[in-house]
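There are 2 protein chains.
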Amino acid sequence: MEAFVSLVTNDSYALGAIALGRSLRNTGTWKKLALLITNQVSQDMRCRLERQWDELVLVEQLDSEDSEHLALLTRPELGVTFSKIHAWRLTQYSKCVFLDADTIVLQNVDELFDREELSAAPDIGWPDCFNSGVFVFEPSLSTFRGLMDLARQRGSFDGGDQGLLNVYWSDWPTKDIKYHLPFIYNVTPNITYGYAPAYERFGHNIKIIHFIGPNKPWQHHYVPEVDSVILFPGTYASEHGAQDYIRRWWQLYIEAEQIGQSDFMEIADAKNRQVESVRARRRSSRINHQTNFEHGHIDFNGRDSFENIQAHIEKMMNSN
Amino acid sequence: MEAFVSLVTNDSYALGAIALGRSLRNTGTWKKLALLITNQVSQDMRCRLERQWDELVLVEQLDSEDSEHLALLTRPELGVTFSKIHAWRLTQYSKCVFLDADTIVLQNVDELFDREELSAAPDIGWPDCFNSGVFVFEPSLSTFRGLMDLARQRGSFDGGDQGLLNVYWSDWPTKDIKYHLPFIYNVTPNITYGYAPAYERFGHNIKIIHFIGPNKPWQHHYVPEVDSVILFPGTYASEHGAQDYIRRWWQLYIEAEQIGQSDFMEIADAKNRQVESVRARRRSSRINHQTNFEHGHIDFNGRDSFENIQAHIEKMMNSN
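Order-wise, the sequence lines are chains B and F.
Taking the numbering used here, the leading residue of the first sequence gets 23, the next gets one more, and so forth.
Taking the numbering used here, the leading residue of the second sequence gets 23, the next gets one more, and so forth.
Note that these hints are calculated values from the structure, not bench results.
Values in this document were obtained by computation on a predicted structure and should not be read as measured data.
Do not take every clue at face value.
Identical chains blur together in the list; that is why a pair holds if it fits in one copy or across any two.
[To be verified] In the BS3-like style, the derived pairs of lysine-lysine whose C-alpha atoms are separated by at most 27 Å in a straight line are:
(1) K54 with K238
(2) K197 with K54
(3) K238 with K200
(4) K197 with K117
(5) K229 with K197
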């Protein structure tokens, strides 16, 4: 038996897992979908996650508590990604594909199960390391213990799971090309530098999008009426279709919640009210942004927008 | 016989080749240094280049004239990099390592000659493509003709040499890991996203720095008196020691010109005058930036600074 596996350590990333689970189902895969959760995930959220995932596995939260290295990444929250190590305990599965909760799958990727442990794609920030957001692995208690020992003895050079896994599989950059997943399995478009002609040439092959960095798709605002995304203020996401992928994320999320139950009507109502309030405010503005709004070219930079989006996120996380 | 090879198509990149040649010599290599030049390179500059390189080879300028694809890169000047194809005509050498003129070598890299054609490091913008700024190749008229035919028939998907070479060696991403040079042979630090903990952990291994992007080291200003770099306005180079590498570039450049002949005194005099004029202007400023200046924390944002730097570049290119 084989499975796609992900991990959520709080209710925010759980929103990601809802869209990810939906995106996997949409590819027509028959693999199991197994989601590791920690006790930080609320009961309400667990119910919502169970509608998309075959199995929720409660695991103990592991934290590197390595603030020094995490400061280098400016991502103090990543210490809990050590909980990912628990994935190796899923020995009911012979092989798994791990996907971070901030990924979505655009096309069927069952062929990944033909790969061996540990297969992963390069991290674009230092491509002799693999990015640990997508990888093929083989559950094993022995490997689990090995990783735990390494974590205890040497920690992680980035304070998160990626540093740990790259040390454990330190021969990845030189061992065999078969362990190198093509970049199309872990494309990270929301980063400033990209080789635009390659996106133009190979972009249609992209199978998995990984929204790395601190701003996640669920932190942006989506207006379903016009199928448009309003980017979180200060986000750089104009290149390589990142905005289109964020929109795709929202479509998947909404589809998941619709299929789940009638919750969506509530979310849609809340959204409609929000859209109406945005519109009313804009109507009162001296400059008429209506045309831009209709075309989705909306860019909120003010303090109000931030509050709107925050409120929106809180509303989403509280809804069930 | 084996050689390091580079290419310059104008007097601006020639400045890069001066520093690159010097950096190679400093590693103690016994390989030949062969530089392809086009007739856009001035006679004066050729004399300066000959002091660093064993052989200057005049080649016909080839241009992709593919403004559409180059627009994607926002780098219209890259069409002439097609001239790089001429490197395969250097059949007096059995094997070569090509280095773009905007690279410098920090440690001996003779071990690259143990690699086979075509070995290269991934491009961080799309790592299933190799970056064509550093690669191992074997001169051959047959390969030269093959590349020329491909260029004529299909052009390049990026309008430059990288797109062309990646199509010709399209099996690079999957063929064999031995063709993948470690990232330390082509590190591109002057780009916004970097995996900081990896730079921290592996940075001391870096052997070749590649200053990709439109702003080259010679466009920044260097103050030799305080061994400090004044970045070109708007440059993002604060991370991963990019500023240190730009300073290293300048040290190499100045060393090259010193070794060359007494020209350096002239450059140094001009520089001293420039520094004095900057200081005089700053003294008259209401805010005393003296301390910052002494520590190299100078950030010119005004129109004057741009003019200063432009004048400085022109002066350098005209000096001989």
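Against the structure, the hints:
1. Taking identical chains as interchangeable, the C-alpha atoms of K54 and K238 lie at most 27 Å apart only when both belong to the same chain, with a minimum of 25 Å there against 51 Å between chains.
2. Taking identical chains as interchangeable, the C-alpha atoms of K197 and K54 are never at most 27 Å apart, the minima being 30 Å within one chain and 32 Å between chains.
3. Proximity of K238 and K200 under a CA criterion of 27 Å is satisfied in neither setting, with 31 Å inside one chain copy and 36 Å between copies.
4. Taking the closest pair of Cα atoms, K197 and K117 come within 27 Å of each other both inside a single copy (20 Å) and across two copies (25 Å).
5. Taking the shortest alpha-carbon separations for K229 and K197, both the intra-copy value of 25 Å and the inter-copy value of 21 Å come in at or below 27 Å.
Comparing the model with each numbered hint stated earlier shows that hints 2 and 3 do not hold.
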